[in-house]
Amino acid sequence: MTSAFFGLQTSLRGLLTQQQALDVTGHNIANANTAGYSRQEAVLEPTRPYIVPSNSVNTGAGAQLGSGVDVAAIRRIRDQFLDLQYRAQQMSLGDATARTGSLDNIEGAFAEPTDDGLAAQLSRFWDAWSDVANAPENVGARAALVTTAQTLTASFRTISDQLTAIAQQAQDEYDAITGTSGDVENIASELAGLNRAIGDAVFRGQEPNDLMDRRDQLVDRLAQLAQVSVTDTGDSRWRIDFGGVTLVDPSTPTGYTWPQTLGRTPGGKLGALLELASASGPALTYRSQLDGVATDLVRAVNTLHTSTPFFDTAGTTAATIAVVATAATVQTGSGTASGENDVAQAIARLRGGSTDQLYQALVARIGTESQAAVRAQSTAQSLVDAIEDRRQSVAGVSLDEEMTNLIRFQRGYQASARTMTTIDELLDTLVNRTGRVGL
Amino acid sequence: MSMRVTTLMSSRATLRDLNEGLGRLARLQGQLSSGKQITRPSDDPYGTSRALALRGELGGLDQFQRNVNDGTGWLNTCDTALGQMSDVLGRVRELLVQGGNDTAGPAERSAMADEIDQLAESLKQEADVQYGGRYVFAGTATDTAPYPLGGVDRYQGDAGTITRAIGPQVELPINADIHQLLGDGQPAADDLLLNTLRDISDHLRGSTPADAAALRGTDLQRLDASVDVLNGIRADVGARTNRLAVASARLSGLAVDATRLLSDVEDADMAQTITEYTTQQAAYSAALKAGANIVQSSLLDFLH
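Chains G and U supply the protein sequences, listed in that same order.
For the first sequence, the working numbering assigns the number 503 to the last residue and increments by one with no breaks.
For the second sequence, the working numbering assigns the number 656 to the last residue and increments by one with no breaks.
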């Protein structure tokens, strides 16, 4: 038979457990708006039953009498598979975002289609040659031509410089992220610390939910920077491979290794930045294609301008193209007569020719690539959003749900208290009112 | 099981939708205020390259129009001068017919000869006419007077051709060859106008029967031949003026077409954009209203 106080103990367990469950609910509500937080759940479990020995009940068999409830664990609700998907998409998004930003700057450098773009300036350059052809004797027209040509070459140089700067910016950003005290190092060192704390807690049999949330959040951030893969080393500590190298390894003394040289295609934002800064990246590719336009212009004009070069023959890139002709040396005709305009006429005829076409094709290519990048970014963004929604669906805090839980546990607490009162009244009957016959 | 919807999820979704709506509104607002539907190449890469090509074409058409105007001015100057020359030749012919009559006395004939000499000088003066400081009848030697007044009768210009570009790969010569009319005077004995006039003047001053016969015979024939040459040059100049007028009209037409095409490619369709803007604005307001309601209500409102 059980003790008269057995029921009191059962009720006490009920009170304590419901209270603890209320605390967990309170923690969830408090963190309803915390980024990276996974909702927690108190796992309630009946405690070990009291074994009623055999022969003590009518059937002669023994029985197990329930002894109440306890919190078996406080677990974090999260779907690791969604984390994997989320990180894969974060990597694409990091790549697409860096690419879109850079291409946006490249488009800005070209400033087309406007009245100040290179296309409009080329048009003005041909206009100036036509004006010279209309008035070959006029020094004013030739001086205007030289000024127009100088403005044109200055524009070539400005765009070339901007493209160089855009590639350099990508390199600078890469260096800042991967450098000493950069994002990668900060995250890695925090992850190493978390690994230790989580390992210790798990060793003590605890579930360090909030530390794990923080670790997941940091790995999400790493995933945006480069390809990440996570391996559990068996004690809830993680080895994290990052961009082709092992970044965090619990078996090393410091827990992480940085700086390291990433693989050739690290993926993510860093992969995109490496490519954007490289000679085969868009900025420098378009710069060399702009060089092609400059080369074509210099060749086309100088071939017709036979007396002395109009453009500096040494400057055949967008950065070095320069006008050497002056109002006095501009050649208008092939002979010496002042009214001859065949050379000016022939150069004006270059309008709409290979130089203009090369440049237009270049602008169209930039537009196409930039448009594709914007689309890729928007796709990656919506995929990340969709997966984040599913993650939130699993791990996010629903206030309605927590309010319901609040009522549930409050009622549980109240009912446990009522049970205790009932048992107390039983004891009161036994202790104070029993054996008082005749008193 | 239906999807579990959490608090953060609905607020995130609301915020995302509001952001997207605002982004669409901002894009349309940009189109409305700039009047352009292409503000950067990625808005429409193909449209951008079309716009660049059309802008280039339009710039070219403007320039060709300027060239045509310049060429028309030049040819008009030529035509006026040639008209004056025509009048001069009329007067010469009058004098020649009078001088060929036996009724004219030596004094009268000498006066006629003086007038012929003056008329020859005025022909040279017309040949020295300038357009914008350039001698129009000197070939490409536009800084040289073709027949300097008071000088010899020899042509000082060259045989060069001056052209104006009036269309893509189309160039029209705008100068007339006055040398084939006026020639190089008596020393060259080329039977051209200046030579003829000097001969007529000599024949008027001369008193031999041969002089009188020449006045009535060969001089008149040579003069008439020169009149034909002059008429030919005037007709040619007139035809080229007409061609420029036609080119000008065609260039204006092409410019109108190119402007319209460019506007189709580059400009925002205001009616459509405004309609779209209004629609987006309504959608955005609805999203705001709905968002305000969704995010605000929770079980808390109903528990006491």
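Derived from the structure by calculation, the hints contain no laboratory data.
Be aware that one or more of the hints could be misleading.
Now the in silico label distances, taken between C-beta atoms and shown as ranges [claimed, not checked]:
no.: 1; chain 1: G; residue 1: 228; chain 2: U; residue 2: 370; range: 33 to 43 Å
no.: 2; chain 1: U; residue 1: 370; chain 2: G; residue 2: 94; range: 38 to 48 Å
no.: 3; chain 1: G; residue 1: 281; chain 2: U; residue 2: 375; range: 21 to 31 Å
By construction, the Cβ of each residue, glycine as well, lies at the ideal position given by its N, Cα and C atoms.
We went through each hint and held it up to the structure:
{"no.": "1", "hint": "G:228 / U:370: 33 to 43 Å", "verdict": "holds (39 Å)"}
{"no.": "2", "hint": "U:370 / G:94: 38 to 48 Å", "verdict": "violated (27 Å)"}
{"no.": "3", "hint": "G:281 / U:375: 21 to 31 Å", "verdict": "holds (27 Å)"}
Figure legend: structure checked against the earlier numbered hints; the only hint not met is number 2.
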